[in-house]
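There are 2 protein chains.
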Amino acid sequence: MGKNLEFSSLLDFYGDMLTEKQREVIKYYYNEDLSLSEIAYNHGISRQGVRDAIKRAEEQLLDMEKKLGLVKKFREMLKGLEEICLEARKIKECNKKFIFSKDIYNCAQEIEKVALELLE
Amino acid sequence: MGKNLEFSSLLDFYGDMLTEKQREVIKYYYNEDLSLSEIAYNHGISRQGVRDAIKRAEEQLLDMEKKLGLVKKFREMLKGLEEICLEARKIKECNKKFIFSKDIYNCAQEIEKVALELLE
Numbered sequence: 001m002g003k004n005l006e007f008s009s010l011l012d013f014y015g016d017m018l019t020e021k022q023r024e025v026i027k028y029y030y031n032e033d034l035s036l037s038e039i040a041y042n043h044g045i046s047r048q049g050v051r052d053a054i055k056r057a058e059e060q061l062l063d064m065e066k067k068l069g070l071v072k073k074f075r076e077m078l079k080g081l082e083e084i085c086l087e088a089r090k091i092k093e094c095n096k097k098f099i100f101s102k103d104i105y106n107c108a109q110e111i112e113k114v115a116l117e118l119l120e
Numbered sequence: 001m002g003k004n005l006e007f008s009s010l011l012d013f014y015g016d017m018l019t020e021k022q023r024e025v026i027k028y029y030y031n032e033d034l035s036l037s038e039i040a041y042n043h044g045i046s047r048q049g050v051r052d053a054i055k056r057a058e059e060q061l062l063d064m065e066k067k068l069g070l071v072k073k074f075r076e077m078l079k080g081l082e083e084i085c086l087e088a089r090k091i092k093e094c095n096k097k098f099i100f101s102k103d104i105y106n107c108a109q110e111i112e113k114v115a116l117e118l119l120e
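Which chain is which? The protein sequence lines are W and U, in order.
The numbering used here applies: residue 1 is where the first sequence begins, and numbers increase by one.
The numbering used here applies: residue 1 is where the second sequence begins, and numbers increase by one.
There could be a bad hint or two in this list.
Since copy identity is lost for identical chains, a pair holds within one copy or between any two.
The calculated lysine-lysine pairs, modelled on DSSO-like cross-linking and capped at a C-alpha distance of 30 Å, are [to be verified]:
id: 1; residue 1: 27; residue 2: 79
id: 2; residue 1: 67; residue 2: 113
id: 3; residue 1: 21; residue 2: 72
id: 4; residue 1: 66; residue 2: 113
id: 5; residue 1: 90; residue 2: 66
id: 6; residue 1: 102; residue 2: 67
id: 7; residue 1: 113; residue 2: 90
id: 8; residue 1: 92; residue 2: 79
id: 9; residue 1: 102; residue 2: 66
id: 10; residue 1: 27; residue 2: 96
id: 11; residue 1: 27; residue 2: 55
id: 12; residue 1: 90; residue 2: 67
It is worth saying that the hints were derived from the structure and are not from the lab.
One chain only, chain W, in its complex shape:
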């Protein structure tokens, strides 16, 4: 099986819903980039055992995203917030170039601040 990096995001969101053992194994695989054999050696289980544990964890992660769709929702949020930041910067630039309004600057600054905080 090839590593699908999509699982890293799913793991960030839903990882705490897995059992401790599942989470440990799948984190080694996706976040620490260990091989099946390395994880098997470290845990004293067979390579097939590791493969099965990862497969089960992956299925659960996919099932949660299918039911809850929160990774998709959050990605849309982040995309929108980046767009908002961009427009706020354009407003500041335009304002600076043509007419300096303190009020417009303050509002654009506040929009950028809020959006950046949410993007963190």
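With chain W's structure known, arrange chain U on it following the hints.
Then chain U, alone, in the frame of chain W:
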């Protein structure tokens, strides 16, 4: 037990992770505002059975929020987006009152549009 409306939000987020029966009972209770007795009558189970099913579902919803914290995260997003909308409207007003810049208007309009779409 008193109805805690917090569960309505948790149900919106995590409801699909419950079993079909749990989801049905707790939705009648929180979203349709039926009483325990009404639900018991409709399902042909005891009032105590309904109470237990709701209690278990509530525990699962709370456990998911404790582990994933997504309702809290989304609320912060929504609060920030409302703030962004407000500031974008102020920019449009200010721009209209003092100096009409088409560019500033377009950017503020786009910010408001993106934020409103995300708020939907």
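Here is how each hint holds up against the structure:
In this assembly of identical chains, residue 27 and residue 79 lie within 30 Å of each other by CA distance solely inside one copy; the values are 26 Å within and 32 Å between copies. Proximity of residue 67 and residue 113 under a CA criterion of 30 Å is satisfied inter-copy only: 28 Å between copies versus 33 Å inside one chain copy. In the homo-oligomer, the alpha carbons of residue 21 and residue 72 lie at most 30 Å apart both inside one protomer (26 Å) and across protomers (27 Å), since each shortest distance falls under that limit. With identical chains, the CA atoms of residue 66 and residue 113 are at most 30 Å apart between copies only, with a shortest distance of 28 Å across copies and 33 Å within one.
When the C-alpha separation of residue 90 and residue 66 is checked against a cutoff of 30 Å, the pair qualifies neither within a copy, at 37 Å, nor between copies, at 39 Å. In this assembly of identical chains, residue 102 and residue 67 lie within 30 Å of each other by CA distance neither inside one copy nor across copies; the values are 47 Å within and 44 Å between. For the homomeric pair residue 113 and residue 90, the shortest alpha-carbon distances inside one copy (14 Å) and between copies (16 Å) are both at most 30 Å. For the identical chains of this complex, residue 92 and residue 79 are neighbours both inside a copy (20 Å) and across copies (23 Å), given an alpha-carbon limit of 30 Å.
For a Cα distance limit of 30 Å, the shortest separation of residue 102 from residue 66 qualifies neither inside one copy, at 47 Å, nor across copies, at 43 Å. Proximity of residue 27 to residue 96 under the C-alpha cut-off of 30 Å is found in neither arrangement, the shortest distances being 47 Å within a copy and 53 Å between copies. Only within a single protomer do residue 27 and residue 55 lie at most 30 Å apart by alpha-carbon distance; the minimum there is 13 Å, versus 33 Å between protomers. Neither within a single protomer nor between protomers do residue 90 and residue 67 lie at most 30 Å apart by alpha-carbon distance, with minima of 38 Å and 39 Å respectively.
Hint check: violations occur at hints 5, 6, 9, 10, 12; the rest are consistent with the structure.
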